[in-house]
Amino acid sequence: MAGVEKPTMAVNIVAADRPVWSGKARSVTIPASEGGMGILPNHEPVLTVIKSGTVTVVDPEGTRQAFKVDDGFIAFDSNKLTVAVDRGSVVTQGAEDSDVLAG
23 MAGVEKPTMA VNIVAADRPV WSGKARSVTI PASEGGMGIL PNHEPVLTVI KSGTVTVVDP
83 EGTRQAFKVD DGFIAFDSNK LTVAVDRGSV VTQGAEDSDV LAG
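Following our numbering, the numbering of the sequence shown begins with 23 at its first residue and continues without gaps.
Don't take each hint at face value.
Here are the computed lysine-lysine pairs in the DSS-like style, where the Cα-Cα straight-line distance is at most 27 angstroms [to be verified]:
| hint | residue 1 | residue 2 |
| --- | --- | --- |
| 1 | Lys28 | Lys46 |
| 2 | Lys102 | Lys46 |
| 3 | Lys102 | Lys28 |
| 4 | Lys73 | Lys102 |
| 5 | Lys73 | Lys46 |
Just the calculated beta-carbon pair ranges, DEER-fashion [as the list claims (entries may be wrong)]:
| hint | residue 1 | residue 2 | range |
| --- | --- | --- | --- |
| 6 | Thr70 | Arg109 | 16 to 26 angstroms |
| 7 | Glu27 | Arg109 | 28 to 38 angstroms |
| 8 | Val68 | Gly45 | 13 to 23 angstroms |
| 9 | Glu66 | Ala106 | 18 to 28 angstroms |
| 10 | Gly45 | Ser74 | 16 to 26 angstroms |
| 11 | Ala106 | Thr85 | 21 to 31 angstroms |
| 12 | Val26 | Phe95 | 32 to 42 angstroms |
| 13 | Lys102 | Val71 | 10 to 20 angstroms |
| 14 | Pro67 | Arg109 | 24 to 34 angstroms |
Calculated from the structure, these hints are not laboratory results.
Ideal Cβ positions, reconstructed from N, Cα and C, are used throughout, including at glycine.
Please model the complete structure; the sequences and the hints are all you need to start from.
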């Protein structure tokens, strides 16, 4: 099945004061209040609270990107995921405990 594109969804990660990241993704893992939750394209609509932790995005090429987030919520509908948090930052590659503020 070479050449078949995997489905994607639009993702927007936004902090209270600025956008953190926006793009297409094949999957997103979030720190939901009940535990880790994965969102794939065509997931049923969902609105849920998230806790501080790491949001992991897998882009269309299969590259993983990680974002450190504070408490907030997610809304998913019609292949559009919004992650709205108090604060968010891009996790620096190769440094688990440090991060660089996006924007």
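Supplied distance hint 28 to 38 angstroms, evaluated on CB atoms of glutamate 27 and arginine 109: 34 angstroms, holds
Threonine 70 paired with arginine 109, Cβ distance criterion 16 to 26 angstroms: The hinted range 16 to 26 angstroms holds for threonine 70 and arginine 109, with Cβ atoms some 19 angstroms apart.
CB-CB spacing for arginine 109 and proline 67 relative to the 24 to 34 angstroms hint: 26 angstroms, holds
Supplied distance hint 18 to 28 angstroms, evaluated on CB atoms of glutamate 66 and alanine 106: With Cβ atoms ~19 angstroms apart, the hint holds.
Status of the given 16 to 26 angstroms range, CB of serine 74 versus CB of glycine 45: 23 angstroms, holds
Agreement of lysine 28 and lysine 46 with the hint, judged by alpha carbon distance not exceeding 27 angstroms: The given pair, whose Cα atoms are some 11 angstroms apart, holds under the 27 angstroms limit.
Straight-line alpha-carbon gap lysine 102 to lysine 28, limit 27 angstroms: With a Cα-Cα distance of about 16 angstroms, the restraint between lysine 102 and lysine 28 holds, given a limit of 27 angstroms.
Distance restraint between lysine 73 and lysine 102, which requires alpha-carbon spacing of 27 angstroms or less: 20 angstroms, holds
Hinted pair lysine 102 and lysine 46, Cα distance within 27 angstroms: 9 angstroms, holds
Assessment of proposed distance window 32 to 42 angstroms (beta carbons of valine 26, phenylalanine 95): Given a distance of about 33 angstroms, which is inside 32 to 42 angstroms, the answer is holds.
Outcome for the supplied range 10 to 20 angstroms, where the beta carbon pair is lysine 102 and valine 71: Once the Cβ atoms are compared, 19 angstroms apart, the range 10 to 20 angstroms for valine 71 and lysine 102 holds.
Outcome of range test on Cβ distance (alanine 106, threonine 85; 21 to 31 angstroms): 24 angstroms, holds
Hint compliance for this structure: no hint is broken.
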